[in-house]
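Colleague: As a plain string of letters, each chain reads:
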Amino acid sequence: MSAPSPHTPVSPADARIAPKPRLRRFHQARWDEPLIFELDSPGERGVEVPITDLPVPTLPAGLARAAAPALPEMSQPHVLRHYMRLSQETLGVDLNVDIGQGTCTMKYSPKVNDSFVRDPRIAELHPLQDEGTVQGVLEILYRLEGLLKEISGMDRVSLQPGSGSSAIYTNVSMIRAYHAARGEGEQRDEIITTQFSHPTNAAAPKTAGYKVITLMPDADGYPDIEALRAAVGPRTAALLITNPEDTGIFNPRIEEFVRLVHGVGGLCCYDQANANGILGITRARDAGFDLCHFNLHKTFSTPHMCGGPAAGASAVTSALAPFLPRPTIEFDGARYRLDDDRPESIGKIRPFYGVVPNLVRAYAWIMALGAEGLRAVAETSVLNNNYLISKVLEIEGVSLPYARGRRRVEQARYSWEKLNADTGVHSEQIGYRVSDFGTHYWTSHHPYLVPEPMTLEPTESYSQADLDEYAAILAAVAREAYEDPEVVRTAPHNGPIHQMRDASLEDPGTWAVTWRAYRRKVGGAA
Amino acid sequence: MGHPYIPNSDPEIRARMLAAIGASSVEEFYADIPDAIRLHRPLDLPAPLRSEAELVRHMDRLLSRNKPAELSFLGAGCYRHHVPAVVEEVGNRSEFLTAYAGEPYEDHGRFQALWEYQSLMGELLELDVVNVPTYDGFQAAGTALRMAGRATRRRRLLIVGPVDPDKLSKLEDFVRPDHDVEVLDGSHDGWQAADLVVGADVAAVYIEAPNYHGVLDPALPLLAERAHAVGALFVVGCNPISLGVVASPASYGADIVCGDIQPLGIRMSFGGGAAGFIATRDEQRLVREFPSRLFGVVPTVVEGEYGFGDVYYDRTSFALREQGKEWVGTAAALNGIMAGVYLALMGPRGMREIGETILALTAYAQERLAAVPSVSVPNAGSGLVSFADFVVRFTGSRTASEVNALLLEQGIQGGKVLSETDALFCVTEIHTREDIDRLAAVLEEIAK
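Protein sequence lines, in the order shown, are assigned to chains F and Z. The first sequence maps to residues 75 to 600 in our numbering. The second sequence maps to residues -4 to 443 in our numbering.
Worth flagging that the hints you see were computed from the coordinates, not collected in a lab. Only a predicted model underlies this, so the values are computations on that prediction, with no experimental measurement involved. Note that CB positions come from ideal geometry on N, CA and C, so glycine has one too. There may be inaccurate statements among the hints.
[What the hints assert, rightly or not] Okay, the calculated bits of chain Z under chain F, using three or more residues with CB under 8 Å as the criterion:
(1) 53 to 61
(2) 223 to 233
(3) 361 to 375
[Stated by the list, open to error] Calculated Cβ distances over 10 Å to all of chain Z for the following chain F residues:
(4) E163
(5) A293
(6) A304
(7) G421
(8) K422
(9) G428
(10) Y556
(11) V561
Can you make the complete structure from the sequences, with help from the hints?
Modeller: And the structure:
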């Protein structure tokens, strides 16, 4: 069809752009991109490296590489194009309303903060440089510790943990060292946690050698206080608990939990992965906790990077401070320095001083917000959550188990139990269909205590229109489940790929973690 | 007043949303938080830097107090290499930078990029199973040793040094509940790795290639035999950037290989650029002991399409809480994607050339510094080959710290001080012969 001449009169109806449909017409890039090994083109190369005419020493017998590694040979533009296509086939937070990843606090990571960590005055610093040449970064870390002390109410903070889970392990290590220093290391061999805490709260103490006791929720969804009474005793090393839990329910008896555990000589450790909704509202110290940790990539906005690098912070009272990982950062009024001389320290938990780029980003984020801004973060995230709850509960087939009539804090765990009973469609399948509308959805951690779960956490980064859009997508998918369930069961339809035949991932005879294994097991390129 | 990061912070919008919910104020949502634990005052924080311009000025003032070295000989576990521009172009892509836990369908590209990272590392390491990166090389070594302990059900771990004392500290804390650690430090008293006797109660023999002092110990293949003779696993920590020229540990018998991928295209960032790898053969007895995520490739319902998902998910704490293997959570995935880009750019020739360049420059630096009066290079004389790191001993009247202070006055960051007399220096492909000659010339003036 030829284009109309610019001089041909058009009717007003032809010139009108139709309003956008209520649901977004989305299609993610589908590049049908080969595996990188299929792009191998012998003779090409992606980058030149410095070569020297100095003699190369002869390696000892058996330590010289016999055959070159079978890496693909590719020119620079081809490497770039391949990865740009893969990036287009990835739905980052900068592109989507990512409120469907509950428990992970998906929020906006300010772009300006990325510019600080790309600056050579951070990126090109070696951690063992003379202290006089790194006073700026040491000051940032020292100041960040100060900010987190005030936000948690604690006395000292280590910024070394590589993530929230790493911080949980660090806290468990300090708990172990604390009891050992008091001569109760052997006796206190149990750690208590709850079913609705992150799986690491069970797995990290087990790794550290503890027997793990898990409190199940009571009929209202609160961790069962009678079960706690039965569990505490002279063997209790600590309670690891998050509040609000991953259900979004705040446990109002938290001080009583702390008293029960302190009463038998145990320590109380607060997982603050869900701190976003309570910043400036209530603090770990105010409820009597001895230790807590933050996930800087959640609450303090550092980007999530496909699953890290993250960064964690472990905060403790002065009674636990001697056990902090070394080094700590000290300031004498003129100069910042690293203090490695800490005889009771649990020692090193990672190389050097932490995931510094994320520590810099978290510092900048807090400085941009201040006390008033952090309060706005908390209040807006709970407002967004309760607004979303009111919209979601209008959808047929969904419910919000536990704590009826109570508000949720910053997230909520819903159930599609009724929809599943009515239609046979599972929560996971709803998620795949939701992705057809350009957004992400997650069920919950296993095991599914809430049947057919869905966990939504809107955070402060989304507008009323974003929340309306997300709720409209859920409503449309639920309606499809009732009217045309096949469309949901066969999703995704608008993504980069179609449904996987993934049973082979569980079979040692067929699983393939690398291209080498794939070629060996399946027999070369498809 | 609304904050630019928070769309709904404007009072009018908030009032509209509260009305829609039927709540009188945000306070209603906090009704379950008892008054006794409420913070009844604003947090005591510095006044916010609300404008981006103010924030940039504040950060610039702090950053200006950092001075990256023009010429530095620091290594010791964190390495300055050239980072190809394409690596950062990919790593800075907003889709990768801000993605998280998306499903294999909407995050297909992330899954493919991480599977390809595993595969590229698999070729470098000559092993079929490589994990999605864990936090860092320390964690990778700790987990590798615990994996060996679970696979053999034995308590004793033999660590053959020299190993970074900070790494030893982490290892001892991490394996303590299940293992007794014995450290045999080859750098002491003429003890050689070849002298090692391995008992039948040993779960794993751990050694590094190159070791903390940069040496590629000729006894590595022998140690593999000794470990295997008694049913122990041979665990090798290695620097992956050496493997274009140095034999892969798997080729001389390693059962588990681990280390840090920071040298593969990740900036130093004051030590914040770490990410750990763990690799094994594709044997169920080893694969089942990984706590980390392992992505696998599978077909989809459409011919010619690849999909990616978690292999053997029920190993993990995500599935099994305390019954899983150690724990898994957010770790260092993006560094893996970037290391994959690096390996794809380098290819087999680039990896060989960079390895040769570093070996040659290390040998030259050792030889050149050993010729300086009052300086000796203990590991150079006996025919040992070093990669990147090497020990320098100051035999004159000045301590290693004093020498470093004087070097700094000349704009040079010297090596990591190991003792009164010794420091660990490092060269990589970014150094030139002229850089090394300049160091030697300055040392001739100051190392007295």
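Colleague: Mind verifying the non-interface call on G421/F? Its CB should be farther than 10 Å from each CB in chain Z.
Modeller: Incorrect as stated: the minimum Cβ-Cβ distance to chain Z is 4 Å, not above 10 Å.
Colleague: Taking 8 Å as the C-beta cutoff, is the stated coverage of the segment 53 to 61 of chain Z by chain F satisfied by three or more residues?
Modeller: Answer holds; 7 residues pass the 8 Å Cβ test.
Colleague: Does V561/F really sit off the interface, with its C-beta more than 10 Å from all C-beta atoms of chain Z?
Modeller: The claim holds: V561/F sits with its nearest Cβ about 15 Å from chain Z, beyond 10 Å.
Colleague: Are there three or more residues in the segment 361 to 375 of chain Z whose C-beta lies within less than 8 Å of some C-beta in chain F?
Modeller: Violated, because only 0 residues of the segment 361 to 375 of chain Z bring their Cβ atoms closer than 8 Å to Cβ atoms of chain F.
Colleague: Checking a non-interface call: every C-beta of chain Z should be farther than 10 Å from the C-beta of A304/F. Is that right?
Modeller: holds, 19 Å
Colleague: Is it the case that K422/F keeps its Cβ farther than 10 Å from each residue Cβ in chain Z?
Modeller: It is violated; K422/F is separated from chain Z by about 4 Å at its closest Cβ, not greater than 10 Å.
Colleague: Classify the label on A293/F as holds or violated, using whether its beta-carbon is more than 10 Å from each beta-carbon of chain Z.
Modeller: Non-interface label stands for A293/F: nearest chain Z Cβ at 16 Å, farther than 10 Å.
Colleague: Would you check whether the claim that Y556/F is not at the interface survives, using Cβ distances to chain Z and the 10 Å cut-off?
Modeller: Non-interface label stands for Y556/F: nearest chain Z Cβ at 23 Å, farther than 10 Å.
Colleague: Would E163/F pass as off the interface with chain Z, using Cβ distances and a cut of 10 Å?
Modeller: violated, 3 Å
Colleague: Is the claim that G428/F lies outside the interface with chain Z correct, judged by CB distances over 10 Å?
Modeller: The claim is violated: G428/F sits with its nearest Cβ about 7 Å from chain Z, within 10 Å.
Colleague: How about the segment 223 to 233 of chain Z: do at least three of its residues have a C-beta closer than 8 Å to a C-beta of chain F?
Modeller: Since three or more residues must qualify, the claim that chain F covers the segment 223 to 233 of chain Z is violated, with 0 doing so at under 8 Å.
Hints 2, 3, 4, 7, 8, 9, counting from the list given before, are not met by this structure.
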